[in-house]
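Residue numbers (this note's numbering), protein chains in the order written: chain A, 59 to 489; chain B, 37 to 274.
Please note that the accuracy of each hint is not assured.
DSS-like cross-link-like pairs, simulated, lysine-lysine; straight-line CA separation at most 27 Å [as the list claims (entries may be wrong)]: (1) B:Lys160 <-> B:Lys172; (2) B:Lys125 <-> A:Lys460; (3) A:Lys295 <-> A:Lys460; (4) A:Lys284 <-> B:Lys144; (5) A:Lys460 <-> A:Lys378; (6) A:Lys378 <-> B:Lys172; (7) B:Lys56 <-> A:Lys460; (8) B:Lys125 <-> B:Lys112; (9) A:Lys378 <-> A:Lys284; (10) B:Lys104 <-> B:Lys56; (11) A:Lys284 <-> B:Lys112; (12) B:Lys172 <-> A:Lys284; (13) A:Lys284 <-> B:Lys125; (14) A:Lys378 <-> A:Lys68; (15) B:Lys274 <-> B:Lys56; (16) B:Lys104 <-> A:Lys295; (17) A:Lys375 <-> A:Lys295; (18) B:Lys112 <-> A:Lys295.
Keep in mind that the hints were calculated from the coordinates and are not lab data.
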Amino acid sequence: MSGLGRIFWKEVRELLTPATLVPIIIMAIVFAMLGSAFGGIQEEMEEKAQVGLIIDDEGVIGDFARASLNASTTIVYNGTDLVEGRAMLMDGEAGDALIYIPYNFTSNLLGGSPGWVQVFYHMKGTGLSSSLDSGKVGGALDTLSTDISYAMIVSNFTSNATLVLEPMVMSSTTFLNDKEVEGVTPSQLDAVLSQGQFIVPLIVMLVIIMAGSMVISSMGNEKENKTLETLLTLPVKRTWIVLGKLAGAAVVGLIVSMIYMVGLGFYYSSLAGTSEIDLEKYALALGIEDYVLIGISLFLALLCGLALCMILGIFTKNYKAAQSMTLPITMLALIPMFISLFSDFASLPGPVQALVFAIPFSAPMFAISNITLGYYWLVVAGIIYCAIFAAATMLLAVWMFKRDILLTGRVRSAEKKKFALGGLVSNLWRK
Amino acid sequence: MAAITVSGLTKDYGHFHAVKGVSFEVDEGEVFGLIGPNGAGKTTTLRVLATLLEISGGSVTIFGRDLKGEAPAVRKMISYLPEDAGAYKNMTGRRYLEFISGFFTPEKDPGQLLERGLHIANLKERIDDRVETYSKGMTRRLLVARALMIEPKLAILDELTSGLDVLNAQEIRRVVRAQTQQGTTVLLSSHNMLEVELMCDRIALINDGRIVESGRPKELKEKYGASNIEEVFVEVVK
Ligand SMILES: Nc1ncnc2c1ncn2[C@@H]1O[C@H](COP(=O)(O)OP(=O)(O)OP(=O)(O)O)[C@@H](O)[C@H]1O
Ligand SMILES: [Mg+2]
Numbered sequence: 059m060s061g062l063g064r065i066f067w068k069e070v071r072e073l074l075t076p077a078t079l080v081p082i083i084i085m086a087i088v089f090a091m092l093g094s095a096f097g098g099i100q101e102e103m104e105e106k107a108q109v110g111l112i113i114d115d116e117g118v119i120g121d122f123a124r125a126s127l128n129a130s131t132t133i134v135y136n137g138t139d140l141v142e143g144r145a146m147l148m149d150g151e152a153g154d155a156l157i158y159i160p161y162n163f164t165s166n167l168l169g170g171s172p173g174w175v176q177v178f179y180h181m182k183g184t185g186l187s188s189s190l191d192s193g194k195v196g197g198a199l200d201t202l203s204t205d206i207s208y209a210m211i212v213s214n215f216t217s218n219a220t221l222v223l224e225p226m227v228m229s230s231t232t233f234l235n236d237k238e239v240e241g242v243t244p245s246q247l248d249a250v251l252s253q254g255q256f257i258v259p260l261i262v263m264l265v266i267i268m269a270g271s272m273v274i275s276s277m278g279n280e281k282e283n284k285t286l287e288t289l290l291t292l293p294v295k296r297t298w299i300v301l302g303k304l305a306g307a308a309v310v311g312l313i314v315s316m317i318y319m320v321g322l323g324f325y326y327s328s329l330a331g332t333s334e335i336d337l338e339k340y341a342l343a344l345g346i347e348d349y350v351l352i353g354i355s356l357f358l359a360l361l362c363g364l365a366l367c368m369i370l371g372i373f374t375k376n377y378k379a380a381q382s383m384t385l386p387i388t389m390l391a392l393i394p395m396f397i398s399l400f401s402d403f404a405s406l407p408g409p410v411q412a413l414v415f416a417i418p419f420s421a422p423m424f425a426i427s428n429i430t431l432g433y434y435w436l437v438v439a440g441i442i443y444c445a446i447f448a449a450a451t452m453l454l455a456v457w458m459f460k461r462d463i464l465l466t467g468r469v470r471s472a473e474k475k476k477f478a479l480g481g482l483v484s485n486l487w488r489k
Numbered sequence: 037m038a039a040i041t042v043s044g045l046t047k048d049y050g051h052f053h054a055v056k057g058v059s060f061e062v063d064e065g066e067v068f069g070l071i072g073p074n075g076a077g078k079t080t081t082l083r084v085l086a087t088l089l090e091i092s093g094g095s096v097t098i099f100g101r102d103l104k105g106e107a108p109a110v111r112k113m114i115s116y117l118p119e120d121a122g123a124y125k126n127m128t129g130r131r132y133l134e135f136i137s138g139f140f141t142p143e144k145d146p147g148q149l150l151e152r153g154l155h156i157a158n159l160k161e162r163i164d165d166r167v168e169t170y171s172k173g174m175t176r177r178l179l180v181a182r183a184l185m186i187e188p189k190l191a192i193l194d195e196l197t198s199g200l201d202v203l204n205a206q207e208i209r210r211v212v213r214a215q216t217q218q219g220t221t222v223l224l225s226s227h228n229m230l231e232v233e234l235m236c237d238r239i240a241l242i243n244d245g246r247i248v249e250s251g252r253p254k255e256l257k258e259k260y261g262a263s264n265i266e267e268v269f270v271e272v273v274k
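Throw the hints in and build the complete structure from the sequences for me.
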């Protein structure tokens, strides 16, 4: 074999180890799952919007509007009473939105002024998928407006260009979690809510990756510089060594991510001025106790991340190996972060929910949307899960610190497996 | 009371038997040397005694404490110098000694420990430079100082003078011998037969995970009619 070939094979064999392949395979599986989950949203998009309809107008344009909406939406509720209609909508029996066309719709238009339409939206979740539903309703209403313009032009009804271009005035109200937010569509509300919701997952991800890689590198350094043996023979409990390393990394990680947050804070404060919706007014802003819950959740997720990294760090051989060991943790933090941008927890398909919940970093990432949507029990369940997960992984890390594996690595056991596999194969061969 | 009692100690790495039933005793205040060829199991034995590796079989007591059940108590009495140890690179030599001495409060006065450490390391003004900039021998001196400054009841020294030049090695040997006057028991390993002869009250020859001969250097030389321990070693291993 040529020199080039020898070096090539040496590199390939060094790089193609289970440690590098397994995270990539897991990622591929996760993306495949996500693909099918969001494929579901795609299909949903192609379906028509489901709406409830109340038309008090008995004129021609009222009938025309009914026909137009009938073609562009699926009408799941047809009523006459607005109070009853609103109750149906809140109970989820009138689809994504209730469209109300008042008695004077036709007469207004005939009199040369635009017709007034009121739309009540039922917002089920936050994130991209909730905006899609209201977007479809908006689309159907746009179609109605275009249909009316078209009819006016064809029938030569008026030469008032303003009226032809804009025959309808709409007012929107959004019901979110039995709160009524006037004058906004779910997409607008979601845009405001997500300004806050977007930043938390990002921060969680940053803190975990920062602090986690610090723990792993610290272990890599101890092994590379041969300081670990000395440390382990000092009269200090292994538990304190583990906790000391975790606490050190947590503090440094928090400081580093605080610096990032200040930067992001400037970015967001420049955005905040553009929002017209006052969340306080609708009791959608977070209270002190909500921030406490989010804080606890964040802290526990950080502990989980650090303890997981400590376990990975036990297997590292040196500083270089430590760098690639952070990959699985980064992946675990990225998955729920991306998902949280698309959807809130409750709106996710079952298998994705299970996956997201199992990742301990998800809890704080979904905390704000869960609180906004009133799913406090999900936040608490996440906190309990994280606490158990953190305790278990830390105990495991301390236990591993007392075992030979910390100093000897897994050289021999890997060999054992190879022998076992070899034996199995040769046995099968003989048969 | 015996400082160390090792009986029937075995240590396996997975399927590989590195130490295959080793027994010896070291008296208090004695300097005891383990000598043997590469891969004989010296480091493995010392790591077990230093509470770093789990015992596969047999038993070890150190000053009456059972190594298996009372590792924390053992750690309070011992000081282990690994064969190829390092120090934290971004600390200065002084800071490193300070860092270590802090672990021995409140039983010992950290200021006093540091004083002794600085004296043994004898790195002059370089003690305030970062460990990163030290030569191999300088790092070794720092680590020896780290191990001896705490005046342990038992010092476990793996390849004490590895990487040191003749003068430095001699100086360090003198420091270790002086330490035994203060009541420290020393267990060391070496390939250097001359060093062993100079330092040890008693030695054990270890080969392939077993002790093949042990005794006082003088008696061993007489027994095999050899002029130095190297010849004894060749004779025994043959
Ligand atoms: N982490 C490990 N995993 C597997 N085998 C090991 C490990 N450490 C040591 N060994 C094996 O145990 C045997 C004894 O090694 P040890 O380091 O105790 O020898 P030694 O007497 O100190 O040698 P040297 O004089 O070269 O330092 C060797 O065969 C070695 O290959
Ligand atoms: Mg050795």
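Are the Cα atoms of A:Lys460 and A:Lys378 separated by 27 Å or less?
Distance of about 24 Å is within 27 Å: holds.
Does A:Lys460 sit within 27 Å of B:Lys125, going by the straight-line distance between their CA atoms?
25 Å, holds
Check whether the Cα positions of B:Lys172 and A:Lys284 lie no farther apart than 27 Å.
With Cα atoms ~13 Å apart, B:Lys172 and A:Lys284 stay inside 27 Å; holds.
Check whether the Cα positions of B:Lys112 and A:Lys295 lie no farther apart than 27 Å.
Cα-Cα ~11 Å, so holds.
Between B:Lys56 and A:Lys460, is the straight-line Cα distance small enough, at 27 Å or below?
23 Å, holds
Holds or violated: are the alpha carbons of A:Lys378 and A:Lys284 at most 27 Å from each other?
Distance ~15 Å between A:Lys378 and A:Lys284 Cα, so the pair holds.
Please verify whether A:Lys378 and B:Lys172 have alpha carbons no more than 27 Å apart.
22 Å, holds
Take a quick look at whether B:Lys104 and A:Lys295 sit within 27 Å of each other, Cα to Cα.
The given pair, whose Cα atoms are some 15 Å apart, holds under the 27 Å limit.
Quickly compare the C-alpha distance for B:Lys160 and B:Lys172 to 27 Å and report which way the hint goes.
16 Å, holds
Are the Cα atoms of B:Lys125 and B:Lys112 separated by 27 Å or less?
With Cα atoms ~25 Å apart, B:Lys125 and B:Lys112 stay inside 27 Å; holds.
Taking only the CA atoms, is the gap from A:Lys284 to B:Lys112 under or equal to 27 Å?
21 Å, holds
Take a quick look at whether A:Lys284 and B:Lys144 sit within 27 Å of each other, Cα to Cα.
Since the Cα atoms of A:Lys284 and B:Lys144 sit roughly 26 Å apart, the hinted pair holds (cutoff 27 Å).
No hint from the list above goes unmet by this structure.
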